[in-house]
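J.: Okay, here's what each chain looks like letter by letter:
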Amino acid sequence: MFLPDFDYHAPETLAEACDLLRDLGPSAKILAGGTDLLIKMKHGLVTPRAVISLKALDELKTITHVPGRGVVIGARATHNDLVNSPVLHEHFLSVSEAAHKMANNQIRNRGTVGGNLVNAIPSADLPPILIALDAWITLVGSNTSRTVPLHTFFTGPSCCVIDPVDEILTEIVLPDQPTTGSTYLKFGLRRSGALSVTGVAAAVTMDGDTIVDSRICLGAVFPVPVRAHDAEDVLRGKTWSDELLAEAGEAASCCALPITDIRGTAEYRLDLVRVLTKRALKRAITEGHV
Amino acid sequence: MSDTVKQDYAVIGKSVPKIDGREKVTGAARYTADLKFPNMLYGKILTSPFAHARIISIDTSEAEKIPGVRAVITHKDAPTLKYGISPARWDENIFCIDTVKFVGDKVAAVACIDEQTCYKALAAIKVEYEELPAVLDPLRATEEDQPQIHPEFVRNINAEIHQDFGDVEAAFKEAHYVRTDTFVGNRTYQTPIEPHTATSMWDGEKLTVYSSTQSPHYFQYYIAREFGLPMGDVRVLKTYVGGGFGGKLEPTGLEFGGAILAKITGRPVKMFYDRAEMFAHNRGRHRQYMTITSGVDKDGKILGVHADFVMDGGAYTSLGIATAYYAGAMLTLTYEFDNFRFDMLRVYTNLPACGAQRGHGAPQPRYAFEAHLDNIAKDLGIDPMDIRILNARRPNTTTPNEFLVNSCEMKACLEKAREMSGWDEKKGKLPKGRGIGVATGSFVSGAGYPIYRTDLPHAAAMIKVGEDGTSATLYTGATDIGQGSDTVLCQMAAEAMGYTYEQMKIVAADTETTPHDFGAYASRQTLMSGAAVKQAGEEVKTQMLETAAEMLDFPTVDLDIRSGKVFSPGNESVTLTFEEVARHFFVNRGPLVGKGSYTPPKLGGKFKGAAVGTSPAYSFAAQVSEVEIDEETGEVNVLDVWDVHDCGTVINPALLEAQVHGALFMGLGESIWEEVKFDDKGRIANPNLSEYRIPTAMDMPVVHSALVDSYEPAGPWGVKEVGEGATLPTMGCFRNAIFDAMGVSINSLPLGFEKVWRAMKEQREEGAAE
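As they're listed, the protein sequences go chains G and Y.
Just so we're aligned: the first sequence equals residues 356 to 645 in my numbering.
Just so we're aligned: the second sequence equals residues 52 to 821 in my numbering.
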């Protein structure tokens, strides 16, 4: 398997990158970590004539807390940047933990959070926890800049609202929020290098033992990461108990529409949604952002 | 206990560093695919996209026009002599002539100036196929309405075995309890880290092939046969090999196609498989359908066993005839019983051909039998450990299928595993979700007979001492594929010579420069190659002592050599260095050389298939594992494994432990994750390491490895095998631990999470219904 020939660009500024993308049009692809793009190119699944690398744009690699805005994650931050970020450890350790559950160490060193989102694979591990934490993203074009709530970003397997001939995903923002706990539980078929069979993220806002609010997001059981609103409704305003969380788990199963594939049957995935939802909720309620 | 002969050895019994460790760790080691030769071309094989199809036409004209393409070949350019590794069934052609028989069957090949051009050329070859109905279900393969895969094998029966020893029916009649269970195995693949590679080149009429092979000898034999060449005109050699596990025992299209392409172009041609092509070539573990019936007395003593199996062979025989025999033959080893019947059908299907994989045909039947035995123990209210100890084979016994067992510490292995694992404190006392299981295994230390009929010795070795005595080189056909045979054999040579390991060099696995040896399979090299090496070393030692006696004017019988020093026990004034004596020998008599060879004794009975499973010696092992099951998700977490081995004298404890860990790693993968899956067109659904899940370091349990004292009279210094035996108990051991934890029997491999989840769900539903 070989990479076919292509033109390679490594613009020095974001503006230059956006202009290049607009000028080169559909024949160009953005290269971040390359863990998906280069494999697709080697297999001939995408055949760009030009590749625009973001490697010179170091400003897209930072993870900072901006008071009033929240935690701002540069789209080029690698999964291991997320894993090791003191800022995330302080504010949302659950995001670091979710990143650590992805793939294997080699991939985590190369792959980026932006690439993971734009690739829009239903089983991706980062979208559920980011959506549960109400993340929004910034898409920058040659003459535009817009913010999109992450839960509206995905439109189908490998599909999202980004304009592929104009826009570049630059940052992910986890807004300052009242949530008291969050976590992501991944069910893979081995401990490293396994795609999720099912993943469930939960974020909760507690007042004592009362669940003021919650956000639950399911991965790998719907064409896109999907909020389990029915389960959230079960919880809202209630005093938590194992029975209540079990009830939320049952409700979450109703929000999933999994397929049967080589990693598991739809029936199994539905039951995993039930189990993982109640476990994720309990963890978020009792342990905080983990 | 056995007659343990404990001696104070100077070199063996020590964990010396691997002889090639530095090269491998620093990346200096050159594997076959790293080799480059002047003017070398790259070759690739075009394979069938259909499981079963008639070839209407092949048009290579467009491919030939592509710049950089040097040769395009099909069956018209190749010998049509059928080949295989089992002489009983040579059923494969270099390139398919009339029909393709699985997705991946060889149709054509190209040689080009670079790899990229190969893919363009393959894409430009036009093959017109008429798709035929395919046999994809092995259990239906013999039915009348199924397509015929090989015209000469009616109803797709590749091999049919019926063996009957003692009187099984009478044993069942006499039995207190008779039980039948059925289990299904999984198709697994060896997954060596190094892909298969071969580089072929001709010098006049002489063919040289560098190959990632487990057996230069069998490659040489079958390549010479296919091309009608004298064996002396075929040289097969290897550099470093990154694992084989049975999958690199037979030559492939890479060697056969490469030889033709190299001949046509007059240039060296390098051919290789990528990961997906490795899966398609396969020769991995057969999926077996296993029904076992046993009769026991009221104490649980096994009286008779009937094994009735079907195995999916895939499209060709490979080594599968032996696999089919091994499947039943090895069931008689760990427990003593007199009555045994074995029925087996190996059927052809339009799927990749299966062959030998670590443990050969034995691991799945062993899983089935160990699970079956736990079922019986549960029915009779006997502790699974007790029923095994009660039935454990004893030393100096003969199996019903006439295998002679010399050393055997089966009972000691079980007792030690019981003690180490805390069995008695845990069995029946663990919290819900946790369980403990036990299983046994036994394996040959080399096959009693070679793969094709020949009277050649099984192993031979030669040691040449350097002219000044500061080094000695061992020449052996034994094949180090990563397991460490080069290291172990150099230890053995040094021990036998009275020399040091650090001064040993080795030239191995080259049919031209090294003496004949059948190679790395059937766990044979420590015993068989080791016996030849020991003899060669002793011949050097004898000559050394004669020379030293001459130099010292001292009786030979009063001299000895150890660690490079000649001395006389009890007379400290008498001393010479190995170097002084060796140099004296060379000056006065020429090269100092020792030779050795090994042929096993005549083994086995007279019945059909009696040869398979014979061996000069058998290893024995017991494993206990403790698992934790997630009751809601079915996730299986293996916490600890205790492996206790009877493998005779140990030459290198660190390498032995590495073999146990490696075998357990593979056994773990096959138990819980690994399974080659197909779609409804016979295409592999997971020909990659993402969806064909081998365990990672993160998945390995804590392994406690131990040995029992044992000395094997048939092996040099009392050695036996370890490399494959440790794979055998694992699957049954985990199944039994899950059975103990949750009370659910998983009757098919792998014991995947969803399967465990489903079994627990069904158990709950049945419980609710009652």
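Treat the hints as calculated values from the structure; they're not laboratory data.
Keep in mind that the hints are not guaranteed to be accurate.
List of simulated lysine-lysine pairs, DSSO-like, C-alpha gap at most 30 angstroms [what the hints assert, rightly or not]: (1) Lys397/G to Lys728/Y; (2) Lys732/Y to Lys397/G; (3) Lys224/Y to Lys384/G; (4) Lys171/Y to Lys395/G; (5) Lys397/G to Lys416/G; (6) Lys352/Y to Lys657/Y; (7) Lys806/Y to Lys429/Y; (8) Lys637/G to Lys177/Y; (9) Lys75/Y to Lys397/G; (10) Lys397/G to Lys87/Y; (11) Lys728/Y to Lys395/G; (12) Lys65/Y to Lys556/Y; (13) Lys397/G to Lys429/Y; (14) Lys395/G to Lys429/Y; (15) Lys637/G to Lys467/Y; (16) Lys397/G to Lys657/Y; (17) Lys171/Y to Lys116/Y; (18) Lys410/G to Lys397/G; (19) Lys65/Y to Lys395/G; (20) Lys352/Y to Lys395/G; (21) Lys116/Y to Lys637/G.
A few chain G residues that don't get close to chain Y, going by computed Cβ distances all over 12 angstroms [stated by the list, open to error]: (22) His364; (23) Ala370; (24) Gly399; (25) Pro403; (26) Ala411; (27) Leu448; (28) Gly511; (29) Cys515; (30) Asp521; (31) Gly543; (32) Phe577; (33) His584; (34) Ile617; (35) Arg629.
Rough simulated footprint, nothing fancy, chain G against chain Y, three-plus residues with beta-carbon under 8 angstroms [stated by the list, open to error]: (36) 150–162; (37) 165–172; (38) 747–754.
Glycine is no exception: its CB is placed at the ideal position from the N, C-alpha and C atoms.
J.: Now look at each hint and say whether the structure bears it out.
T.: Hints and how they fare:
{"no.": "1", "hint": "Lys397/G to Lys728/Y", "result": "24 angstroms, holds"}
{"no.": "2", "hint": "Lys732/Y to Lys397/G", "result": "25 angstroms, holds"}
{"no.": "3", "hint": "Lys224/Y to Lys384/G", "result": "75 angstroms, violated"}
{"no.": "4", "hint": "Lys171/Y to Lys395/G", "result": "18 angstroms, holds"}
{"no.": "5", "hint": "Lys397/G to Lys416/G", "result": "26 angstroms, holds"}
{"no.": "6", "hint": "Lys352/Y to Lys657/Y", "result": "28 angstroms, holds"}
{"no.": "7", "hint": "Lys806/Y to Lys429/Y", "result": "22 angstroms, holds"}
{"no.": "8", "hint": "Lys637/G to Lys177/Y", "result": "60 angstroms, violated"}
{"no.": "9", "hint": "Lys75/Y to Lys397/G", "result": "29 angstroms, holds"}
{"no.": "10", "hint": "Lys397/G to Lys87/Y", "result": "24 angstroms, holds"}
{"no.": "11", "hint": "Lys728/Y to Lys395/G", "result": "23 angstroms, holds"}
{"no.": "12", "hint": "Lys65/Y to Lys556/Y", "result": "18 angstroms, holds"}
{"no.": "13", "hint": "Lys397/G to Lys429/Y", "result": "54 angstroms, violated"}
{"no.": "14", "hint": "Lys395/G to Lys429/Y", "result": "53 angstroms, violated"}
{"no.": "15", "hint": "Lys637/G to Lys467/Y", "result": "43 angstroms, violated"}
{"no.": "16", "hint": "Lys397/G to Lys657/Y", "result": "57 angstroms, violated"}
{"no.": "17", "hint": "Lys171/Y to Lys116/Y", "result": "11 angstroms, holds"}
{"no.": "18", "hint": "Lys410/G to Lys397/G", "result": "20 angstroms, holds"}
{"no.": "19", "hint": "Lys65/Y to Lys395/G", "result": "50 angstroms, violated"}
{"no.": "20", "hint": "Lys352/Y to Lys395/G", "result": "60 angstroms, violated"}
{"no.": "21", "hint": "Lys116/Y to Lys637/G", "result": "67 angstroms, violated"}
{"no.": "22", "hint": "His364", "result": "23 angstroms, holds"}
{"no.": "23", "hint": "Ala370", "result": "36 angstroms, holds"}
{"no.": "24", "hint": "Gly399", "result": "10 angstroms, violated"}
{"no.": "25", "hint": "Pro403", "result": "18 angstroms, holds"}
{"no.": "26", "hint": "Ala411", "result": "29 angstroms, holds"}
{"no.": "27", "hint": "Leu448", "result": "21 angstroms, holds"}
{"no.": "28", "hint": "Gly511", "result": "22 angstroms, holds"}
{"no.": "29", "hint": "Cys515", "result": "23 angstroms, holds"}
{"no.": "30", "hint": "Asp521", "result": "33 angstroms, holds"}
{"no.": "31", "hint": "Gly543", "result": "9 angstroms, violated"}
{"no.": "32", "hint": "Phe577", "result": "19 angstroms, holds"}
{"no.": "33", "hint": "His584", "result": "24 angstroms, holds"}
{"no.": "34", "hint": "Ile617", "result": "6 angstroms, violated"}
{"no.": "35", "hint": "Arg629", "result": "8 angstroms, violated"}
{"no.": "36", "hint": "150–162", "result": "violated (count 0)"}
{"no.": "37", "hint": "165–172", "result": "holds (count 3)"}
{"no.": "38", "hint": "747–754", "result": "holds (count 4)"}
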